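Model the full structure from these sequences, guided by the hints.
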Amino acid sequence: MAVPKKIADEAKKLREKINYHNYRYYVLDSPEISDPEYDRLFRRLVELEGKYPELVSPDSPTQRVGAAPLEEFGSVRHMFPMLSLNNAFEAAELREFDRRVKTFADLPQDEVVTYVAELKIDGLATCLRYEDGLLASAATRGDGMVGEDVTQNVKTIKTIPLRWLRGALPGTVEVRGEVYMQRSEFERINKEQEAKGEPIFANPRNAAAGSVRQLDSRITAKRHLNFFAYELRAASPPFPSHWESLECLKRAGFPVNPHSKKITGVEQVAAYCLDWQERQSELDYNVDGVVVKVNDVATQDRAGWVSRSPRWAVAYKFPAEEAVTVVREIQASVGRTGVLTPVAIMDPVFVDGSTVQRATLHNEDELRRKDVRIGDTVVIRKAGDVIPEVVRVLPEKRTGKEKKFTFPSKCPICGEPVVRPEGEVAHRCLNPACPAQVRGNIEHWGSRNALNIDHLGEQTVNLLVAEGLVKDVADVYTLTKERVRDLERFAEKSADNLIRAIENSRRPPLAKFIFGLGIRHVGEHVADVLADHFGTVEKFLQASAEDLSQVPEVGPVIAESVAEYVRSPRSRALIEKLLRVGVEPQPVRSAAAKGGAFAGKTVVFTGGLSTMTRQEAERLVKEQGGRASSSVSKETDYVVAGDKPGSKYDKAVKLGVSVLSEQEFLKKAGRPGH
DNA sequence: AGGCCTCGAGTTCA
DNA sequence: CTCGAGGCCT
Numbered sequence: 001m002a003v004p005k006k007i008a009d010e011a012k013k014l015r016e017k018i019n020y021h022n023y024r025y026y027v028l029d030s031p032e033i034s035d036p037e038y039d040r041l042f043r044r045l046v047e048l049e050g051k052y053p054e055l056v057s058p059d060s061p062t063q064r065v066g067a068a069p070l071e072e073f074g075s076v077r078h079m080f081p082m083l084s085l086n087n088a089f090e091a092a093e094l095r096e097f098d099r100r101v102k103t104f105a106d107l108p109q110d111e112v113v114t115y116v117a118e119l120k121i122d123g124l125a126t127c128l129r130y131e132d133g134l135l136a137s138a139a140t141r142g143d144g145m146v147g148e149d150v151t152q153n154v155k156t157i158k159t160i161p162l163r164w165l166r167g168a169l170p171g172t173v174e175v176r177g178e179v180y181m182q183r184s185e186f187e188r189i190n191k192e193q194e195a196k197g198e199p200i201f202a203n204p205r206n207a208a209a210g211s212v213r214q215l216d217s218r219i220t221a222k223r224h225l226n227f228f229a230y231e232l233r234a235a236s237p238p239f240p241s242h243w244e245s246l247e248c249l250k251r252a253g254f255p256v257n258p259h260s261k262k263i264t265g266v267e268q269v270a271a272y273c274l275d276w277q278e279r280q281s282e283l284d285y286n287v288d289g290v291v292v293k294v295n296d297v298a299t300q301d302r303a304g305w306v307s308r309s310p311r312w313a314v315a316y317k318f319p320a321e322e323a324v325t326v327v328r329e330i331q332a333s334v335g336r337t338g339v340l341t342p343v344a345i346m347d348p349v350f351v352d353g354s355t356v357q358r359a360t361l362h363n364e365d366e367l368r369r370k371d372v373r374i375g376d377t378v379v380i381r382k383a384g385d386v387i388p389e390v391v392r393v394l395p396e397k398r399t400g401k402e403k404k405f406t407f408p409s410k411c412p413i414c415g416e417p418v419v420r421p422e423g424e425v426a427h428r429c430l431n432p433a434c435p436a437q438v439r440g441n442i443e444h445w446g447s448r449n450a451l452n453i454d455h456l457g458e459q460t461v462n463l464l465v466a467e468g469l470v471k472d473v474a475d476v477y478t479l480t481k482e483r484v485r486d487l488e489r490f491a492e493k494s495a496d497n498l499i500r501a502i503e504n505s506r507r508p509p510l511a512k513f514i515f516g517l518g519i520r521h522v523g524e525h526v527a528d529v530l531a532d533h534f535g536t537v538e539k540f541l542q543a544s545a546e547d548l549s550q551v552p553e554v555g556p557v558i559a560e561s562v563a564e565y566v567r568s569p570r571s572r573a574l575i576e577k578l579l580r581v582g583v584e585p586q587p588v589r590s591a592a593a594k595g596g597a598f599a600g601k602t603v604v605f606t607g608g609l610s611t612m613t614r615q616e617a618e619r620l621v622k623e624q625g626g627r628a629s630s631s632v633s634k635e636t637d638y639v640v641a642g643d644k645p646g647s648k649y650d651k652a653v654k655l656g657v658s659v660l661s662e663q664e665f666l667k668k669a670g671r672p673g674h
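Per my numbering, the first sequence starts with residue 1, numbered consecutively.
No lab work stands behind these hints: they were computed from the structure.
Since the model is a prediction, treat every value here as computed from it, not as a measurement.
We treat Cβ as the ideally placed atom computed from N, Cα and C, and that holds for glycine.
Do not rely on the hints blindly, as some may be mistaken.
Said to hold, decoys possible - Straight-line C-alpha distance at most 20 Å; calculated SDA-like pairs for lysine to any residue:
#, residue 1, residue 2
1, 401, 368
2, 5, 37
3, 401, 377
4, 293, 125
To be verified - Pair ranges (Cβ atoms, derived):
#, residue 1, residue 2, range
5, 457, 54, 47 to 53 Å
6, 74, 170, 23 to 29 Å
7, 20, 489, 35 to 41 Å
8, 468, 375, 36 to 42 Å
9, 274, 347, 31 to 37 Å
10, 392, 329, 15 to 21 Å
11, 399, 277, 31 to 37 Å
12, 383, 457, 21 to 27 Å
13, 251, 274, 50 to 56 Å
Structure representation (structure tokens):
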């Protein structure tokens, strides 16, 4: 049944009206009409949409109430990676930042730079994608490249425009900002949770995070989340300054933090930071610092990037919440490599959202520097919001009964001797058969970045090893459902899950296989490099120290460690056993053979890249069949000169090697405008 | 030789 | 996130 034109027009008008009043009410906090009037408009729209379901458009305000629960979140790739910022903890570091900006942007040191300072809201970084002004998707930060699709949930946030009110930019743009929960709302929700006998949230950030990651967006709708926009990104930068982007966002109807300020000169910036450090409690939301950005986009571009963070922005962090507790014991925990790590066991204390009881002391040197003793009263805080850290000892609380910790001379797990090798800080148990190492190796094999075997976590591994079912990683593949099911805590279903997860891991890419072996100095990255270089397990097993040191990024230490590993009868036996029980590492399909823009070519990068990290660029070269090297020689085919190229550029010119700009490189790789 | 950047390995709690 | 250490550039 076609919708009569008159009705369609009315619905459209209603949507626009409601969206406008929404904005007046929620963003500007100055409604033009009364609540009953608003409700009348809303009910009329619901009525029309009920009668003619085809009227429901994605930007209809009725879509904000939440939809049926999802099975799981999809994933969304960000147009531009969401990167992290360098931190500053005091004014001196802000001045240092200012100095670096000028150095790298080729400005005289007496130049006064204009910055934009914005409160750093303690919430969840979120990326909204708009297509021709219409909200298309919303994603969490995730790993910076790919986030979770939380569109349904974000639509319930009333201050986020489903369609730009005015000045919509054409094409695809990303609006980034922080989803947060006001303190008052947090308290309201916790009271509600308490009344329902449900667990309460530790802090507003956790409450916001929990609400955004609700599979049932109807629940999210009931938690009144909020949003501040702070970044606008499009294929080509739409404005010459950051401040103008913020103004555009405001015009479009986004809430932009009212305390954001354009500031001239680093001294004024420092004053702003210190001012808000004092006044943060005046706000109805938590802030953990101030973000400072160079205002002028051209200056930003000249200042460039260091690996994954921009040189033109910095996060000034307010001092973290601290707590005082007592160290009752210091334990040495043994990791999979045999390293003994001292861990302080403390009286439980509540800091920044959770109760903390343990904190790593890293190693002997660190422990000495901080001079932590058993019985000491210490100040602790969360490093980066999660990991507890001992900040300092309070020596005035000492009674004289405190005991210094001495590293055990025998491994606490297997009783074999512990040594601290010359020139290293780590204490090690050298016994490869030490249960801690055996368990650790199996756990590592199953871990997410190695063979990714679900359900093979710490608990399960402990049990399997204790029961004698598994002595090494190869034994994992001889497990049967019947044998697992007979274990305690394992019923039909969980046994099934485990066995299936193991079966799914039988054909890993060579790189994952090598990483999973847990060879010393071979982490994810080096494993990747080795797999690409050797291509098959057979070739890898024949590698000599000399072959290995030819591999870029592999120096003498890694070469020796790997050579030792592949020649050791113990590890050869293990690998043979793995192959025998049916693990088939997949040879690397040579990109060179497949052809590609850089087939058989060697590419070297110099200077900073603006649209991707060095690593990503190197991966791109590899995907296209080429090899990324780090030094220029006559074997080099291309040198890609980014921002501020170094001596490699000069060398390329001298040797007559072709030099590409970043844009030319991207074009060649088939990713123009990436 | 010294400095910078990246990588590896260990860690916490819910 | 932390520290330590390996590799490469200057």
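Which earlier hints turn out false for this structure, listed by number in ascending order? Going through the list in order, the structure violates hints 2, 7 and 13 and respects the others.
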